[in-house]
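**Q** The residues making up each chain are set out below.
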Amino acid sequence: MQDQSDKTFAADDQPGRTRRDDAPERFRKQGGSVDFSGSSGVLFEQAMAQTRMAICLSDPAQPDCPIVFVNRAFLELTGYREDEVLGRNCRFLQGPGSDRAVVNKMREAITNEDVVIVELLNYRKSGEAFWNALHLGPIYHDDGTLRYIFGSQWDVTDVHAARADEKHARTMEREISHRMKNMFAVIASIVTMTGKLDGSEGMAARISERIRSLGRAHEAMLDISFSSGPTDPNRLFADLLAPYAPQGAGSLELSGGALPMDSNTISVLALVLHELAINAVKYGAFSVPEGRLEVSWSLQDDPAGSEQLLTLHWRESNGPRIETAPTIEGAGTGIMTRMLQMCEGSIEFDWDDSGLHAQLLFPISV
Amino acid sequence: MSKLESIKRPDERPLAGRSVLVVEDEILIAMDINEHLESAGAAVIYGRNLSQGLEKVEQQFDVALLDVSLGRSETCLPIVERLRERGIPFVLHSGDLQRWGETISNINAPVLEKPCDTTRIVQKLREALDPV
Numbered sequence: 000m001q002d003q004s005d006k007t008f009a010a011d012d013q014p015g016r017t018r019r020d021d022a023p024e025r026f027r028k029q030g031g032s033v034d035f036s037g038s039s040g041v042l043f044e045q046a047m048a049q050t051r052m053a054i055c056l057s058d059p060a061q062p063d064c065p066i067v068f069v070n071r072a073f074l075e076l077t078g079y080r081e082d083e084v085l086g087r088n089c090r091f092l093q094g095p096g097s098d099r100a101v102v103n104k105m106r107e108a109i110t111n112e113d114v115v116i117v118e119l120l121n122y123r124k125s126g127e128a129f130w131n132a133l134h135l136g137p138i139y140h141d142d143g144t145l146r147y148i149f150g151s152q153w154d155v156t157d158v159h160a161a162r163a164d165e166k167h168a169r170t171m172e173r174e175i176s177h178r179m180k181n182m183f184a185v186i187a188s189i190v191t192m193t194g195k196l197d198g199s200e201g202m203a204a205r206i207s208e209r210i211r212s213l214g215r216a217h218e219a220m221l222d223i224s225f226s227s228g229p230t231d232p233n234r235l236f237a238d239l240l241a242p243y244a245p246q247g248a249g250s251l252e253l254s255g256g257a258l259p260m261d262s263n264t265i266s267v268l269a270l271v272l273h274e275l276a277i278n279a280v281k282y283g284a285f286s287v288p289e290g291r292l293e294v295s296w297s298l299q300d301d302p303a304g305s306e307q308l309l310t311l312h313w314r315e316s317n318g319p320r321i322e323t324a325p326t327i328e329g330a331g332t333g334i335m336t337r338m339l340q341m342c343e344g345s346i347e348f349d350w351d352d353s354g355l356h357a358q359l360l361f362p363i364s365v
Numbered sequence: 000m001s002k003l004e005s006i007k008r009p010d011e012r013p014l015a016g017r018s019v020l021v022v023e024d025e026i027l028i029a030m031d032i033n034e035h036l037e038s039a040g041a042a043v044i045y046g047r048n049l050s051q052g053l054e055k056v057e058q059q060f061d062v063a064l065l066d067v068s069l070g071r072s073e074t075c076l077p078i079v080e081r082l083r084e085r086g087i088p089f090v091l092h093s094g095d096l097q098r099w100g101e102t103i104s105n106i107n108a109p110v111l112e113k114p115c116d117t118t119r120i121v122q123k124l125r126e127a128l129d130p131v
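Protein sequences appear in the order of chains A and B.
The opening residue of the first sequence carries number 0 in numbering that gives the first Met the number 0; numbering runs sequentially from there.
The opening residue of the second sequence carries number 0 in numbering that gives the first Met the number 0; numbering runs sequentially from there.
In short, the hints are calculated from the structure, not lab data.
We put the CB at the ideal spot given by N, CA and C, even for glycine.
Accuracy of the hints is not assured; some may be wrong.
[Claimed, not checked] Sample of chain B residues lacking proximity to chain A, with all beta carbon distances greater than 12 Å (derived): (1) GLY70; (2) GLU84; (3) GLN122; (4) GLU126.
[Claimed, not checked] Quick list of in silico lysine to any residue cross-link-like pairs, SDA-like style, CA-CA up to 20 Å: (5) LYS113(B) with SER266(A); (6) LYS113(B) with ILE175(A); (7) LYS55(B) with ARG85(B); (8) LYS113(B) with ILE186(A); (9) LYS28(A) with PHE91(A); (10) LYS28(A) with LEU85(A); (11) LYS55(B) with GLN340(A); (12) LYS195(A) with MET179(A); (13) LYS113(B) with LEU120(A); (14) LYS113(B) with MET30(B); (15) LYS113(B) with GLN97(B); (16) LYS55(B) with MET341(A); (17) LYS113(B) with VAL185(A); (18) LYS104(A) with LEU85(A); (19) LYS55(B) with GLU343(A); (20) LYS113(B) with ILE210(A); (21) LYS113(B) with ARG178(A); (22) LYS180(A) with PRO114(B); (23) LYS113(B) with MET179(A); (24) LYS113(B) with GLY70(B); (25) LYS55(B) with ILE28(B); (26) LYS113(B) with PHE183(A); (27) LYS113(B) with ASP261(A); (28) LYS180(A) with GLY94(B); (29) LYS55(B) with GLY214(A); (30) LYS113(B) with GLY214(A); (31) LYS113(B) with ASP129(B); (32) LYS123(B) with LEU96(B); (33) LYS113(B) with SER262(A); (34) LYS113(B) with LEU213(A).
Throw the hints in and build the complete structure from the sequences for me.
**A** Rendered as structure tokens:
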């Protein structure tokens, strides 16, 4: 917005100084047709002369509601001279790209003496199109009868361009999200199919499950920009764990603050939580309908500086009674522990009557 | 060695007796690469981010494999500088050639595009160690 006003005044005869706009004064001195008198007239004059917003008044009492006043900002915005504007209906600003529905909305508002704010593609004298934020409204006599239609205009072409970019970015985001989901699904299917053909369906199923978990995790974080700071991981954890929980999200209790996320952190968290969830389905709280899981997390500053240490507690309860200390075995633990070793993290397991407790520690970059 | 020959006479441990610095911030990818390098006979020194990479670049090794993009806005460039100073050959590994294209071509080193077969990585590291 600032740019526009700078542009307007940069074109001035005396840069850095605003030229005096004498249009309001001339308009008031026409007398007769004009009802701004006394102090309100002076106020009108000063306000109109100072504002950088393009303003016009139209007279609904005359045939075709012609413009009877415009300030200098209006002329600068549209590129016309005053004598080319006065006496004409302001529809001359419209052109082939002007939306008829918006024009009808304006016409309706004028008829009903409503205030309306619309955005319409208008055209300067040069033929150049610009997006005009139009505000129209009635101005009344002391006795309440309609005197003028007030119109203010502001060039919002830049805003429109920014919005179009944003819209495009959102479309692309959805597209990428769709393709990514599809890709994970295709990969999982290839693994399953290959497993079937090779007679190793069990292994293929375990690989596919891990891939699907990774896919879910990355999908949950897709609309989040990693550069915009810490992110609430609640949705990530819920999306990862709910499919395994006996009563979906209802079996889960998640608590903790925002975490700095990147794709590496997401992958590590997704695979660890997946292995723990699978274990809970087989032996723990997720194997019975009333089983519950509490996941809580927090961050500690790492003395090294560029990283923070994530502590995540996994507490199962209401699960089946565990007689002997169970061991999480097989490829699941292997992946978890090796992965955590690589990033100088750790996982510890503990059991009591209520079920499995696991404590995960790993550094995440900030 | 032509491609055909390498297929005809597969070298079981092409990196035997060599040590490799790997700097890679995706843990799962690093796990895969490091295991393959080790089974090819190499001793692996691993850095999982820029600051660890800069620390470990001072150790003794024969060749390096560097992920170009290391976390948010960091690249492997500071490590490249040290490798040049020390005269140690290296191979770049990048999943985003479009984004880092200019950075990569300025470095002027062999490049592998992710995702990349681990046998290709071993082969490229060998080429960097023994230029023809």
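**Q** With reference to the structure, classify each hint as holding or not holding.
**A** Hints, verified against the model:
A beta-carbon of chain A is positioned within 12 Å of the beta-carbon of GLY70(B); the least distance is around 5 Å. With 12 Å as the threshold on Cβ separation, the claim that GLU84(B) sits away from chain A holds: the shortest Cβ distance comes to roughly 23 Å. Distance check for GLN122(B) against chain A: the nearest CB is about 24 Å away, which clears 12 Å, and the non-interface claim stands. With 12 Å as the threshold on Cβ separation, the claim that GLU126(B) sits away from chain A holds: the shortest Cβ distance comes to roughly 27 Å.
Taking the CA atoms of LYS113(B) and SER266(A), the gap is about 17 Å. The hint holds against a cut of 20 Å. For the hint pairing LYS113(B) with ILE175(A), the CA-to-CA distance comes to about 19 Å; that is within 20 Å, so the pair holds. Distance check on the hinted pair: LYS55(B) and ARG85(B) sit about 13 Å apart at the alpha-carbon level, within 20 Å; holds. Our distance criterion of 20 Å between C-alpha atoms is met by LYS113(B) and ILE186(A), whose separation comes to about 17 Å.
A C-alpha spacing of about 27 Å is found between LYS28(A) and PHE91(A), which places the hinted pair above 20 Å, so the restraint is violated. Proximity of LYS28(A) to LEU85(A) is assessed by CA-CA distance (about 16 Å); at most 20 Å being required, the pair is judged to hold. With a C-alpha separation of about 17 Å, the suggested pair LYS55(B) and GLN340(A) falls inside the 20 Å cut-off, and the hint holds. A distance of roughly 24 Å separates the Cα atoms of LYS195(A) and MET179(A); the hinted pair therefore is violated under the 20 Å criterion.
Only pairs whose Cα atoms come within 20 Å are accepted, and LYS113(B) paired with LEU120(A) is rejected, the gap being roughly 47 Å. About 15 Å separates the Cα atoms of LYS113(B) and MET30(B), which keeps this hinted pair within 20 Å; it holds. For a cut-off of 20 Å, the pair hint linking LYS113(B) to GLN97(B) stands: about 12 Å separates their Cα positions. Of the supplied pair hints, the one linking LYS55(B) and MET341(A) holds, its CA atoms being roughly 15 Å apart against a limit of 20 Å.
Using a Cα cut-off of 20 Å, the hinted pair LYS113(B) and VAL185(A) holds, with the two alpha carbons roughly 19 Å apart. Between LYS104(A) and LEU85(A), the direct Cα distance comes to roughly 23 Å. Violation of the 20 Å bound is thereby established for this hinted pair. This hinted pair checks out: LYS55(B) and GLU343(A) have alpha carbons roughly 15 Å apart, not beyond 20 Å. Simply put, LYS113(B) and ILE210(A) have alpha-carbon atoms about 18 Å apart, close enough for the 20 Å limit, and the pair holds.
Between LYS113(B) and ARG178(A) the CA atoms are separated by roughly 18 Å; this keeps the pair inside 20 Å, and the hint holds. About 18 Å separates the Cα atoms of LYS180(A) and PRO114(B), which keeps this hinted pair within 20 Å; it holds. The hinted pair formed by LYS113(B) and MET179(A) meets the criterion: a straight-line CA distance of about 17 Å does not exceed 20 Å. The suggested pairing of LYS113(B) with GLY70(B) holds, with an alpha-carbon distance near 16 Å, which does not exceed 20 Å.
Simply put, LYS55(B) and ILE28(B) have alpha-carbon atoms about 19 Å apart, close enough for the 20 Å limit, and the pair holds. For the suggested pair LYS113(B) and PHE183(A), the alpha carbons sit about 17 Å apart, so the restraint of at most 20 Å is met. Our distance criterion of 20 Å between C-alpha atoms is met by LYS113(B) and ASP261(A), whose separation comes to about 18 Å. Among the hinted pairs, LYS180(A) with GLY94(B) is consistent with the structure: their alpha-carbon atoms are about 19 Å apart, no more than 20 Å.
A C-alpha spacing of about 33 Å is found between LYS55(B) and GLY214(A), which places the hinted pair above 20 Å, so the restraint is violated. With a CA separation close to 19 Å, the supplied pair LYS113(B) and GLY214(A) stays within the 20 Å bound. Distance check on the hinted pair: LYS113(B) and ASP129(B) sit about 23 Å apart at the alpha-carbon level, beyond 20 Å; violated. With a CA separation close to 17 Å, the supplied pair LYS123(B) and LEU96(B) stays within the 20 Å bound.
Taking the CA atoms of LYS113(B) and SER262(A), the gap is near 15 Å; set against the 20 Å cutoff, the hint holds. For the hint pairing LYS113(B) with LEU213(A), the CA-to-CA distance comes to about 18 Å; that is within 20 Å, so the pair holds.
Figure legend: structure checked against the earlier numbered hints; hints not met, in rising order: 1, 9, 12, 13, 18, 29 and 31.
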